[in-house]
Amino acid sequence: MLAFTIRRLVQSLGVMLAVSLIAFVMFTFVGDPVDQMVGLETTIEERNALREQLGLNDPTPIQFLRFVGNAIQGDFGISYQFKRPVATILGERMPATLELALVSAILSLILGIPMGVYTALRRESLLSKLFLTISLVGVSLPTFLIGIIFIFVFAVLLQILPSFGRGEVVDMGWWSTGLLTGSGLKALIMPAITLALFQMTLIMRLVRAEMLEVLRTDYIKFGRARGLRNRAINFGHALKNTMVPVITIAGLQIGSIIAFAIITETVFQWPGMGLLFLQAVQNVDIPIMAAYLLLIAFLFVIINMAVDLLYVVVDPRIRIGGGEE
Amino acid sequence: MSIVQTAERRSLIARMRDTDIWHSFVRNKIVMLAAFVTAVFFLAALFAPLVSPHNPFDLATLSLMDSLMQPVWLEESDPRFLLGTDDQGRDLLSAIIYGARISLAVGFASVAFAAVLGISLGLLAGYMGGRTDAIIMRIADVQLTFPSILIALLIDGSVRGIFGGAFNREDSAFYVLVVAIGLSFWVQYARTVRSSTLVEKNKEYVQAARLIGLHPIKIMLRHVLPNVTGPVLVIATINLALAIITEATLSFLGVGIPSTQPSLGTLIRIGNDFLFSGEWWITIFPGIALAVLALAINLLGDWLRDVLNPRLR
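Those protein sequence lines, which keep their order, are chains A and B.
Following my numbering, the numbering of the first sequence begins with 1 at its first residue and continues without gaps.
Following my numbering, the numbering of the second sequence begins with 1001 at its first residue and continues without gaps.
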C-alpha cells in the first residue's frame, strides 16, 4: 500500500512537472512580459534593466527552475490586466468557484445515481424512457444554451431568480460564502443546476449501463435463485459492484465541473475563477492563464490520486503492489 | 456458382439494401428523422447562397429600418423576415443558415484534423511500440485528464498571444478554432487505432509484408491502416456533434468566430445582449437550430455505434 502510494505520488509529480513546463513555455514565449509591464515611453535601457531584473536573460533551464520554485511558493507573477499578484486574485475568486462546483457535484450525484438505478431496474417503464430522453437532450444541449434558457424563463419571464452575480456573501476570514444568505442561495440555484445537468446525465447513463451489465452476471442470478429479496440483490449486491467505475467517472467529473464552470460562470456572470480565466484568454493575460492551468492540473492530480486510493477501499479484489498500473 | 455470379452482378444500391445497417435504419423512425434533419442542415449549409432569402453579409441590402423585427407571427413584423431580424437588420433565418454553414465547416475541419492526427499517432504508437509508444500514450493520458473545452481555450489564448493583432481577421479565427478543437480531440482516435494496431501487427499478412522487406511506413499506411479504421467512423460522427458544440461554446465565450461572419454560437452571443430587453428571438432561434443539429447528429452517432458493435446488441 505504501509502495503504491509512493509510486502514484511520483507519477503525479511527473504530470505536474509536464504541465508546469507547458505553463512555463506559454509564460515565456507567448508575448513579451516586458512589453506588457512597461508603458510606451520606457527607454530601451530601462527595458533591458527590467529584463535583467526579471531574470529573462538567464538560460532557459534556470528560468524554468525559478518558475517552478516560485509556483510552489504560490508566486505566479503579476497579472497583466489587473497589475496585482495573480495568487491574490485567484485566492479571491476561488471560494465562488469551489462552492458552485461542490453544490453541482452533490446535486448530480444524488439525482444521477437513483435515476440510473431506476432506469436499469425498470427498463420498460414510461418514466425510464422519459429519463433517457431527457439525458439525450441534456448531452446535446450545450451548457451555455441551458443557462440562457434558464435566464430567459426564470429571470426575464417569471422574474423570480436573479440572472447574474452571487448575491450577498458572508466573509469568513479568507473564505467568502454565499451559502448563508437568502440572496446568495437564490443566486446559486440556476448556475448550480446548469452546471449539474450535464454531469447528472453522464452519471445516470453510466450507472444504468453498469447496472445492466452486473444484473446479467451469475452471482446475481444465483442470489435470486437462493430467494434473496429484490432489494438486497439490487442494492446490496448489484449497486455496490457498479461503484468502482462510478467513482472513477465521478472523480474525473469534479475536474470537468470546474472546467465547465468557465462557461456557467460566464453565462451567469458568477465572480469565480472561470470568469477570470476567460477574461485572461480574451486579453492574453498569460500569468493568469498559466496559474489557472497549474491550479487545475493540481486539482486533477489530487482527485485522481484520491480516486485510485478509494478503489482499494471500495473493491477489495483490487490488489495493490505488482507491476501493473 | 450461379449464386455467386448473381451476387456480383447486383448493383451497389441493391447490395446496400441487404445489409444490417439498412434494415436497422428503415425500422427505426427516430433515426430516420435524425438523418433527415441532418441532411436538411447539410444541404442548407452547402447551398446557403441559393436557399437563404437574403444575404446577411451584403451590407447594401441591410437597412437599420428593418432592425429588431419580430418573427412573422407577432405584431411588429415584416413578411420578408420569417424569423425576425437582429439589431443590424439582418434576416435571422438567413443568418442562421449561413451560421450553420460556418459551424458545420469548423466541425468537419476540426474532426478531420483530429482524426488524421490521432490515427497517425495511434498507428505510429501501436506499430513502433517501445519508446515511441510510451511517449505518445503518456501525452495522451495527460491530455485526457483535461476537458477538451479547457484545452481548446488554452490553445486559442496562446495562439492569440503569439500572433497578436493578426488573429482578429475572420479567416485566421477559423483556422485557430479548427486547430484548437482538433488538438483537443485527437486522443480518442489515437487510443482506438493503437489498440487495434497492436492486434493487427501480429497477424500473418503484416509479418509477410515485413518479410518481403517493405518499408514500415508503407506497411502502416497500405496494410495496417485499412484494417484499423472501422471504429473511427463512429467516433468521428459523435465527435462532429461535440466539435460543433465546442465551436459554439468558444464563439459564445467570445474567443471564436468574430461577429462579422457569425457562426451559430456567435449569433447566440449577439442575441444574449438583447435577451433582457425582450428581443428573445435573436438568441432562441439560433439556439434551437444548434440544439436540433447537435441532437440529430448525436442520435445518428448513437445508432451507428449500436449497429456496428454487435457485442452491444
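Because the hints were derived from the structure by calculation, they are not lab data.
Just so you know, not all the hints are guaranteed correct.
[Unchecked claim] If the Cβ cut is set under 8 Å, some of the chain A residues that face chain B in the computed set are:
# : residue
1 : V15
2 : S140
3 : T181
4 : Q269
For glycine and all other residues, C-beta sits at the position ideal for the given N, C-alpha and C.
Subject >> Numbers of the earlier hints that this structure fails to satisfy, in rising order >> reply: When the structure is compared with the hints, numbers 3, 4 turn out to be violated.
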